[in-house]
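J.: The listed protein sequences correspond, in order, to chains P and F.
Heads up: the first sequence begins at 1 in UniProt numbering, then just goes up one per residue.
Heads up: the second sequence begins at 1 in UniProt numbering, then just goes up one per residue.
Pairs of lysine-lysine, DSBU-like flavour, derived with a Cα cap of 30 Å: (1) Lys261(F) with Lys230(P); (2) Lys152(P) with Lys260(F); (3) Lys230(P) with Lys260(F); (4) Lys243(F) with Lys112(F); (5) Lys243(F) with Lys95(F); (6) Lys95(F) with Lys21(F); (7) Lys152(P) with Lys261(F); (8) Lys112(F) with Lys158(F); (9) Lys80(F) with Lys261(F); (10) Lys118(F) with Lys137(F); (11) Lys158(F) with Lys137(F); (12) Lys80(F) with Lys112(F).
In silico negatives: residues of chain F with every beta carbon more than 12 Å from chain P: (13) Glu4; (14) Gly20; (15) Phe32; (16) Gln37; (17) Asn45; (18) Glu89; (19) Asn96; (20) Pro117; (21) Pro128; (22) Leu198; (23) Glu212; (24) Ala215.
Hints listed in this document are in silico derivations from the structure and should not be mistaken for laboratory results.
Where is the CB? At the ideal position from N, CA and C, for every residue including glycine.
Here's the letter readout for the chains.
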Amino acid sequence: MATPDNEHIVTSYEDELTSLTRAISEMGGMVEVAITNATQALVRVDHELAKQTAQADKRVDNMQRLIDEQAVSMIARRQPMAGDLRHIVSAIHVANDLERIGDIAKNLSRRTLHIDSQRVSKQLYNGVRHMSDLSLQQVKRALDAFTARDSKIAIDVCRRDDEVDSLYISLFREFLTYMMEDPRNITDCTHLLFCAKNLERAGDHATNIAEAAYYLETGGNLYNDIESGKVSLG
Amino acid sequence: MSVEANMAATAAKAPAVNTGKVKMSGNGVNVFYGEKQALFDVDLNIYENQVISLIGPSGCGKSTFLRCLNRMNDTIDVCKVTGNIMLDEQDIYDKNIDVVELRARVGMVFQKPNPFPKSIYENVAYGPRIHGMTRTKDELDELVTSSLRRAGLWEEVKDRLDQPGTGLSGGQQQRLCIARAIATQPEVLLMDEPCSALDPIATAIIEELIDELRANFTIVIVTHSMQQAARVSQKTAFFHLGKLIEEGPTDQIFTNPINKKTQDYITGRIG
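When you get a sec, could you build the whole thing from the sequences and use the hints?
T.: Structure (structure tokens):
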């Protein structure tokens with residue numbers, strides 16, 4: 001596939017494409033911090049940090065709006081083709097997924113505000129932290145795939161989504177056991193279960209970003225290419 | 001119909017490219033203007049009832065190739081063409097070919113509308129008359145009417161057929177030239193930047209027309225507007241420095257070209 005390593009004749013167009021990628025990286029950074037802080041706040045039951053994290057989501061939303069506006073304006077003014085078209089379209093997709101991950105961080109933070117103290121085992125909180133680490137790793141790798149236009153990393157992110165799913169299922173079982181053991185655990189376990197589910201969704205958004213990265217580099221649809229045997233996850 | 005079914009149906013409407021009958025084909029075409037070689041070993045199939053766009057920077061050979069398809073290059077003394085160009089099963093550069101008859105089968109529309117300094121009616125009637133295509137005045141009237149209708153001009157000119165063609169607007173003149181080209185009932189229509197002198201509305205009308213004409217003709221269009229190529233054609237061929245670099249389904253060329261030169265040209269990285 002042809003990669004655009006030559007610069008545009010119109011330098012302002014080139015600058016706009018670069019600024020779009022930079023905006024995605026910046027937004028990715030904000031979202032990574034949001035998930036890290038939200039998890040930290042949950043595990044430590046730190047209401048102050050939770051409030052700050054929930055507040056910070058406005059910046060992520062705003063960033064998505066700016067990226068959308070820039071992309072729409074570029075489509076209208078530049079009539080992008082080929083690699084540039086894929087660049088702009090995938091930036092819109094990625095910004096949308098990042099915004100959703102930002103919402104997940106906000107949800108975790110809001111839920112934290114409903115937990116007074118760690119009544120259930122620390123091990124359960126650690127399970128959620130592990131879930132967060134794994135999802136965050138997926139998000140980071142997916143963004144790397146996007147900025148480096150590396151379809152190999154993108155494929156790897158999709159391959160690892162199963163790990164996130166498996167972890168969620170095992171956590172789900174664990175929470176269930178605790179709830180059955182002592183009904184007083186039900187409230188906290190339910191909160192944590194929702195948090196784990198949210199983080200599992202963040203992993204799904206990471207695979208969406210990876211798919212956008214794959215499309216950006218190859219012009220193909222990753223899942224179609226897996227089904228047709230062109231790409232193997234094995 | 002569900003939204004999904006509707007979208008699938010729309011996608012299915014896009015005709016299959018590189019299938020169907022090959023109407024014209026160039027095989028190992030080289031063109032020289034004196035010492036200078038303008039085209040190098042071009043192989044290209046043109047399929048029946050499809051629109052193919054030839055794109056590329058100025059001087060890349062796309063118009064030269066187009067002009068080979070009805071031997072317009074014959075009018076240039078120093079021009080020499082080698083290789084062969086087939087129309088159906090016939091080599092059009094064969095010495096037994098009647099060039100006048102060839103040009104009736106392979107019509108042409110130029111960049112600048114160039115109506116004859118005659119009435120609207122005469123502009124369209126001229127070709128059929130010299131080719132002896134009609135026997136009576138009624139038949140000729142019928143052919144002029146149907147050609148103007150097919151070119152989407154009839155409603156605008158039906159009350160002033162005796163007025164000069166040169167008095168029409170640019171877009172109308174271009175449609176008159178298209179009516180004139182299709183009046184001789186060609187099989188292939190060559191268009192050399194047919195909209196470059198027109199405003200966006202006139203351009204849209206011509207593009208709509210190209211899509212309708214595809215049902216009856218095979219169309220080869222040279223255009224500098226990438227968006228136009230993307231809108232009107234099913235197949236696109238990219239030329240650079242006299243070579244055919246890449247050809248393929250238009251959708252693919254404009255979203256995911258294989259060759260780096262194609263990518264660089266259509267995204268504005270090489271001129």
